[in-house]
Amino acid sequence: MTFTTFEIEEKAGSDMLAFAKELFPLNRSLMGPDIRVSLMKFAAKHPEFELLMFETGSKLFDWEVPKEWIIKDAYIVHESGKKFASFAENNLHLMGYSEPVTKIISRDELLNKIHTHPFDKTAIPYVTSYYKKDWAFCMSAEQVESLPEGNFTVFIDSEYQDGELCLQEAVIKGSSDKEIFFSSYLCHPSMANNELSGPVLLSKLMDYVKSFEDRFYTYRFVLLPETIGSIAYLSMRRDLLKQNVVCGYNLTCVGDERAYSHVESRYGNNLSDTALRSALNNLPNVIHYSFLERGSDERQYCAPGIDLPVCTFCRSKFGEYPEYHSSKDDFSVVTEEGLAGSFNVIKTIIDSFEFGLFPRLNVLGEPQLGKRGLYPNTSKLYNGIHPAKLRMDIIAYCDGSSSIFDIANRLNVNLQVVLKEIKLLESHDLVSVSK
Amino acid sequence: MTFTTFEIEEKAGSDMLAFAKELFPLNRSLMGPDIRVSLMKFAAKHPEFELLMFETGSKLFDWEVPKEWIIKDAYIVHESGKKFASFAENNLHLMGYSEPVTKIISRDELLNKIHTHPFDKTAIPYVTSYYKKDWAFCMSAEQVESLPEGNFTVFIDSEYQDGELCLQEAVIKGSSDKEIFFSSYLCHPSMANNELSGPVLLSKLMDYVKSFEDRFYTYRFVLLPETIGSIAYLSMRRDLLKQNVVCGYNLTCVGDERAYSHVESRYGNNLSDTALRSALNNLPNVIHYSFLERGSDERQYCAPGIDLPVCTFCRSKFGEYPEYHSSKDDFSVVTEEGLAGSFNVIKTIIDSFEFGLFPRLNVLGEPQLGKRGLYPNTSKLYNGIHPAKLRMDIIAYCDGSSSIFDIANRLNVNLQVVLKEIKLLESHDLVSVSK
Amino acid sequence: MTFTTFEIEEKAGSDMLAFAKELFPLNRSLMGPDIRVSLMKFAAKHPEFELLMFETGSKLFDWEVPKEWIIKDAYIVHESGKKFASFAENNLHLMGYSEPVTKIISRDELLNKIHTHPFDKTAIPYVTSYYKKDWAFCMSAEQVESLPEGNFTVFIDSEYQDGELCLQEAVIKGSSDKEIFFSSYLCHPSMANNELSGPVLLSKLMDYVKSFEDRFYTYRFVLLPETIGSIAYLSMRRDLLKQNVVCGYNLTCVGDERAYSHVESRYGNNLSDTALRSALNNLPNVIHYSFLERGSDERQYCAPGIDLPVCTFCRSKFGEYPEYHSSKDDFSVVTEEGLAGSFNVIKTIIDSFEFGLFPRLNVLGEPQLGKRGLYPNTSKLYNGIHPAKLRMDIIAYCDGSSSIFDIANRLNVNLQVVLKEIKLLESHDLVSVSK
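From first to last, the protein sequence lines stand for chains S, X and Z. Each number in the numbering used here corresponds to the 1-based position in the first sequence with 26 added. Each number in the numbering used here corresponds to the 1-based position in the second sequence with 26 added. Each number in the numbering used here corresponds to the 1-based position in the third sequence with 26 added.
There could be a bad hint or two in this list.
Heads up, the list lumps identical chains together, so a pair's fine if it works in one copy or across two of them.
Claimed, not checked - BS3-like, lysine-lysine: derived pairs with alpha carbons at most 25 Å apart:
| hint | residue 1 | residue 2 |
| --- | --- | --- |
| 1 | 98 | 129 |
| 2 | 415 | 397 |
| 3 | 47 | 98 |
| 4 | 397 | 85 |
| 5 | 461 | 268 |
| 6 | 98 | 67 |
| 7 | 139 | 129 |
| 8 | 204 | 446 |
| 9 | 85 | 158 |
| 10 | 397 | 93 |
| 11 | 159 | 415 |
If you are wondering where the hints come from, they were derived from the structure by calculation, not from laboratory data. None of the values given here were measured: they were computed from a predicted structure.
Make the full structure from the sequences, and use the hints.
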C-alpha cells in the first residue's frame with residue numbers, strides 16, 4: 027500500500043469542523059426525518075454507504091423498534107403572551123420523543139415538567155424519554171427563574187408514526203476479509219462533541235482509507251443511533267462481524283483538545299485496547315477508563331455473547347466534560363485541532379495494521395547498525411541517553427511474538443514513533459513484518 | 027432450594043453466644059474427658075455427628091497420637107499456707123499436659139517454672155507442652171509479683187493414660203456429591219474467641235444448612251483438636267476430600283466485632299479465597315493475610331500434597347488481638363453481633379453456591395431494562411452515580427465465565443449485593459445461572 | 027557432590043584482586059597482541075581453555091571480523107617540545123583503533139580531535155572507533171586546558187593487519203549434559219571494574235567448580251571481546267547452547283562494594299533471572315534493571331532468535347558509577363571485598379543447582395518438627411516472630427512445583443538462607459530434592 031502524504035492531515039481538521047457545522051442545526055433523534063437528512067449528507071460524500079432499515083415493531087434481541095417521532099413545533103407561552111423554551115430556537119428545549127400536548131397549567135405544574143442542568147445554571151440540559159410516553163421541556167436554571175407568576179400554555183405539536191430505524195453501513199474492501207471496524211452514532215440533536223465529532227471523524231477516516239492505492243484490510247464503517255442502533259446492527263451482522271473483525275473502535279466525543287481517552291473493553295485486553303493504548307502513549311492528558319466507566323456503544327459491542335474486539339476512543343470522555351449533554355456542547359468545545367488530533371491517533375493505528383503488526387529481526391544477534399549509518403561509529407560516553415537507544419530497544423523486541431503495539435507499550439513510546447523506526451529498519455532489510 | 031427467612035439470623039447471634047457460654051468452663055485439651063463432654067454437647071444438637079477415634083500410639087502421617095492427659099487438681103502453696111495458681115479457679119493456670127509433681131521448691135526455682143504474658147501484666151497466658159514431658163504454671167505478671175519470699179509446694183495431680191484422640195464429623199447430603207467443607211477446632215480450655223466462637227458458628231451453619239428443604243451441595247462439618255486433629259482426619263479422609271470438596275473454610279476467632287479477616291491458602295487463589303474475598307468486600311476493617319501469616323488448620327488443609335480448596339475465616343485473626351491465648355479471651359471479646367456478622371458472611375457464600383455460581387445473560391446485547399421497571403425511563407444527567415449503574419455493571423459481566431464471586435470482586439461490591447441483584451435478574455428471566 | 031569449605035572463599039577476594047592487578051597494564055582491544063597475552067594468562071591457570079579464532083573478514087551473523095590493530099606509540103608534541111597524551115603513559119590517551127597519523131596542526135584543529143569526559147574534569151575518557159577509520163586522542167579536561175597556544179605535532183604509530191578475533195572457551199564436564207554458562211569479556215585496556223573484575227571472577231568460579239569431587243551440571247566458561255566476540259561465539263555455538271544451557275550469566279563490573287545489580291533478560295523471567303533475584307534478596311543496595319537498561323553481552327545472549335536463559339550480574343552496573351569508562355576505573359573502585367561478595371552470590375546459585383532445585387516434602391500434612399529438635403516443644407506466646415517461622419514457611423512451599431529460587435523470592439529471604447534450611451530438612455529426611 028502507499029500511504030497518503032500529510033496533505034490530507036493538514037486539511038483534516040478544517041474539513042471535519044466544516045462538516046460538523048453543516049450538520050449541527052438538524053434535530054436528530056432515534057428516528058425521524060432529520061436522521062434521514064443527516065445520513066444522506068454522509069452518503070453524498072461516500073456513495074459506498076448503504077441504508078439499512080428496521081421497521082417500527084421489529085424485534086431486535088431484547089428490544090423493539092419504537093415509532094418515529096415527528097416534531098413540528100413546541101413552546102411555552104405565558105398568559106402575558108411571552109414565549110419561552112421555543113423548540114424553533116433551540117431543539118434541546120424539548121425533551122426528545124415528547125408526546126403532543128396543548129394545555130394551560132399553573133407555574134407550579136409547569137415547573138414539574140421542566141428539566142434543568144444539575145450544576146450549570148446557564149445550560150439547557152439534553153433529556154429524552156424514548157420508551158415511555160411523556161412530555162417535558164428543558165431550560166436553563168436562569169431561564170426557569172425568569173418565568174413570571176401566572177398560567178402558561180404548553181404546546182407540543184408532535185406525533186408518532188410507524189416508520190423505520192435507519193442506519194448506514196459502508197464496506198471498503200481490501201485484499202483480506204479481515205476487517206477493521208469503526209462505529210459512531212447519530213441520534214442527538216444540536217450538540218457538537220457528543221454527537222457530531224464522531225461521525226465527521228468517521229467520514230474523514232473513510233477518505234483516508236479510500237485514498238490508499240491498495241489495502242490489506244477490509245474497512246467497515248457504520249453510523250447509527252446509539253444503543254438501539256448498534257443493537258439493531260448487531261442483530262443483523264453479529265456472525266459476520268465476529269468472524270471477520272480483528273479490531274474496531276466506537277468513536278465519540280473526539281472533538282475537544284483537553285484529553286485523550288480510552289474506554290476499555292470488558293476485560294481491557296483485546297487488540298483494540300492494546301493498539302489504542304500504544305497510539306496514546308506520551309500524548310498529553312491520557313486517561314484509560316475501565317469498562318465500568320463505559321456508556322456508549324462499547325456497551326453493545328462488548329456485551330456478553332457479542333464480544334467484538336472493540337473499545338471506545340474519545341478526547342474528553344462523555345460525562346467527563348462540563349458541557350456534556352447540554353446546550354453548551356457546541357463549537358467552543360469542538361475545534362479543528364481537537365478533531366485533527368483524533369484523526370492522527372486512529373490514522374496511526376490504521377497505518378500500523380496496513381504495515382504489519384509483528385516485526386521480526388532478520389539477523390541473529392544484534393545487527394551492525396553502524397555500517398548502515400544507523401548508529402554512531404564512535405563509542406564514547408554520553409551525558410544523556412544514547413542516541414540510538416530507542417532504535418536498539420525496538421530491535422530488541424522485534425522477536426515475532428511482540429506486536430508493534432506491545433513494543434510501543436513496553437517501551438512507553440508512542441506508536442507513531444515505533445512505526446516510523448520499524449519502517450526505517452524494514453527499509454534496511456533488518457526486520458520483516460507479518461500481519 | 028428454599029432459603030430460610032431472616033428469623034434464623036436474628037436469633038443466630040444469641041444462640042451461638044449462649045452455647046459458647048455453656049461450653050466455656052470445660053477444660054479441653056488435645057485429648058481427655060472434657061473433650062468428650064464438649065463433643066457430646068454438639069452431638070446432642072446434631073445427631074448427624076459421628077465420633078472418630080484414633081488410639082494412643084497410632085501413626086498419623088508424620089505424627090503419633092499421644093496419651094490422654096487426666097488432670098484432677100493443681101496449685102502452688104506458699105509455706106504460709108497461701109494458695110496460688112489454682113487450676114480449680116482457672117484452668118489456664120496449669121501448662122497443658124503438665125506431668126504430675128509434688129515437691130517443695132524455693133521461690134527462685136518456682137519462678138523458672140512459671141510462664142507470664144509477654145505484654146499484659148494482668149493476663150494469665152495459655153501454654154501447652156503436648157509432646158515433651160514437663161510441667162509449669164501460668165500466672166499473670168501481677169500475680170507473680172505478689173508471690174512472697176520463702177518456699178513453695180508445687181502440686182500437680184495429673185496422669186497420662188492410653189486413650190483416644192476424638193473428633194467428630196457430620197455429613198449433610200445434598201443432591202450432588204460435591205462438598206462444601208467446614209472445620210473448626212476444640213482443644214483449648216476456657217477461652218472464648220480462640221476456640222469456642224468457631225465451633226458454635228459451625229453448629230449454627232449446620233442448623234442453617236439443615237433448614238433447606240432441599241440442597242444441591244453436600245455439606246461436611248468437622249470438629250477436632252487443632253493440628254493433630256486435622257492431621258488425623260486427613261490421614262483418614264484425604265482421598266475422599268480431594269475428590270469431592272469444592273470449597274471449604276477453617277473457622278476460628280469468629281466472635282469479635284473488630285475486623286473481618288481472611289487467611290489465604292498457599293497460593294491465595296483457590297475458590298474458597300475468591301468466595302471469601304467477595305463476601306468481605308466493603309465490610310468494615312477487612313484484612314487479607316497471606317499464607318505466610320497462617321497459624322491454624324489451614325496449615326494442614328493447604329499443606330503440600332493435601333492442597334484442599336480451603337482457607338481460614340476469622341474476625342480478628344489469631345495472634346492479632348491482645349487477648350489472644352490468655353485469660354482475657356472471654357465474653358468481653360466475643361459478642362452476639364460479632365458471631366452474627368460471621369454467620370452472615372458464610373451464609374452468603376453458602377447461598378451463592380446453592381443459587382449457582384456462573385450467571386449468563388439470556389439476551390444478546392444489553393437487555394432493555396426499562397420495560398421491566400429495572401431502569402429509569404427518562405435519560406437525563408445525574409449529579410452522582412446513575413441509579414442503575416450497579417445493575418448494568420453486573421449484567422456486563424454475566425458472561426458465563428465470571429463467577430458471582432469474580433463479579434463481586436471486579437466491581438468491589440459485597441457478594442450479598444451481587445447475589446440479590448442476580449436473583450432479581452433471574453426472576454425476570456434475564457440471566458440463567460449454572461453451578 | 028562435596029562442597030568446598032570456606033577456605034577457598036576467604037582467599038577468593040585476594041586471589042581475584044591480585045590477578046586483576048597483573049592484567050591491568052595490558053592494552054587490550056577487540057583484537058591484537060595484548061588480547062592474546064591476556065587470554066594466555068587465563069589459559070595458564072586453566073588448561074581447560076581452548077582458543078577459538080575467527081579470521082579478519084569472516085562473516086559472523088550481521089557482522090564481519092575487522093583487522094587487528096597494532097599500536098606502537100602515540101602522543102602529541104607542542105612546538106615547544108612539550109609532550110602530551112602519551113600512550114606509553116596511559117593507554118586510554120589514544121582512541122581505540124586509531125589510524126596512523128603524523129602531522130602538524132593548530133591548537134584549534136587539535137581540540138577537534140580530543141575527547142574529554144562529559145562531567146569529570148580530571149578523568150581521561152575511554153573512546154573507541156572500531157568500525158570507522160578515524161583517529162583521536164583522549165585527555166582530561168584539565169589536561170586540555172593546559173595545552174599551550176601554538177602548533178602541535180600529532181603522532182600515532184599504528185597499523186591494521188589481517189589477523190584473528192580470539193576468544194577462549196572451557197567446558198568442565200558434569201554427569202549431565204545440562205549446562206550452566208558464564209561469559210565475561212576482555213577487550214578494554216587499563217580499566218579495573220569494567221573489564222577485569224568479570225574475567226577474574228569467572229576464573230575463580232572455575233576454581234570452585236573444578237574443586238567439586240563430582241558435579242551434576244556441565245559448566246561452560248567463555249572469555250571474549252564484548253559484542254563482536256559474543257556474536258562470533260554465538261555464530262559457532264548457538265545450537266549447542268540453546269540445547270544445553272539451563273542458566274547463565276554475563277559477568278561484568280563485579281568488583282566494587284556499592285551495590286548488587288541484576289540486568290534482566292528480555293522478558294525478565296527466565297531461570298537465570300529468578301535465581302539471581304533470589305541470591306540478591308536482602309543484600310544491601312540491590313537494583314534490578316530491566317532489559318531496557320541493558321548494555322553488555324546480555325544484548326546478544328538474549329537477542330531475538332538467540333534467547334538463551336541468561337542475564338547479567340554486576341555490583342554497580344556499567345554506566346551507573348562515576349568512574350565508568352575512564353581512567354578513574356582503577357583499584358580504588360575494585361576491592362577484595364567487592365569481588366568476594368560477587369563470588370559469594372554466584373557460588374550460592376551454583377550450590378543450589380548442584381543441590382537440586384525442587385524440594386518436595388516427604389510427609390503429608392506438616393511434619394512433627396518437635397520430635398526432631400527442629401521446633402520448640404513448648405507452645406507459648408512470643409513477643410516477636412516465632413523461632414521456627416522461617417522453617418515452617420519454607421516447608422509450606424516444598425511442594426515440588428516451587429523451585430528453591432521461587433521459595434526464596436516468595437519469602438523474600440536470601441537464597442543462601444533457604445538453601446541452608448533445605449539442606450537441614452533433607453538431612454532429616456523431611457524433603458527430597460530433584461534437579
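How would you label the pair residue 415, residue 397 (within, between, both, or neither) given a Cα cut-off of 25 Å?
within (17 Å within a copy, 59 Å between copies)
For the identical chains here, do residue 98 and residue 129 meet the 25 Å Cα criterion within one copy, between copies, both, or neither?
within (17 Å within a copy, 94 Å between copies)
Same-copy or cross-copy closeness of residue 461 to residue 268 [CA-CA at most 25 Å]:
within (19 Å within a copy, 28 Å between copies)
25 Å Cα threshold - placement of residue 129 relative to residue 139
Intra 13 Å, inter 94 Å, cutoff 25 Å: intra-copy only.
Homomeric proximity label, residue 159 with residue 415: Cα distance no greater than 25 Å
between (64 Å within a copy, 23 Å between copies)
Go through the copies and call it for residue 47 and residue 98: within, between, both or neither, with a Cα cutoff of 25 Å.
within (22 Å within a copy, 78 Å between copies)
Regarding residue 397 and residue 85, is the shortest C-alpha distance of 25 Å or less found within a copy, between copies, in both, or in neither?
between (67 Å within a copy, 14 Å between copies)
Within, between, both or neither, where residue 204 and residue 446 count as close if Cα-Cα is 25 Å or less:
This pair counts as within: shortest intra-copy Cα distance 24 Å, inter-copy 42 Å.
Checking residue 85 and residue 158: alpha-carbon separation at most 25 Å within a copy, between copies, both or neither?
within (17 Å within a copy, 74 Å between copies)
Within a copy, between copies, both or neither: which one fits residue 98 and residue 67 at a CA-CA cutoff of 25 Å?
For residue 98 and residue 67, the Cα distance is within 25 Å only inside one copy (22 Å; across copies 81 Å).
Given a CA cutoff of 25 Å, do residue 397 and residue 93 count as a within-copy pair, a between-copy pair, both, or neither?
between (71 Å within a copy, 15 Å between copies)
In this structure, none of the earlier numbered hints is contradicted; all agree with it.
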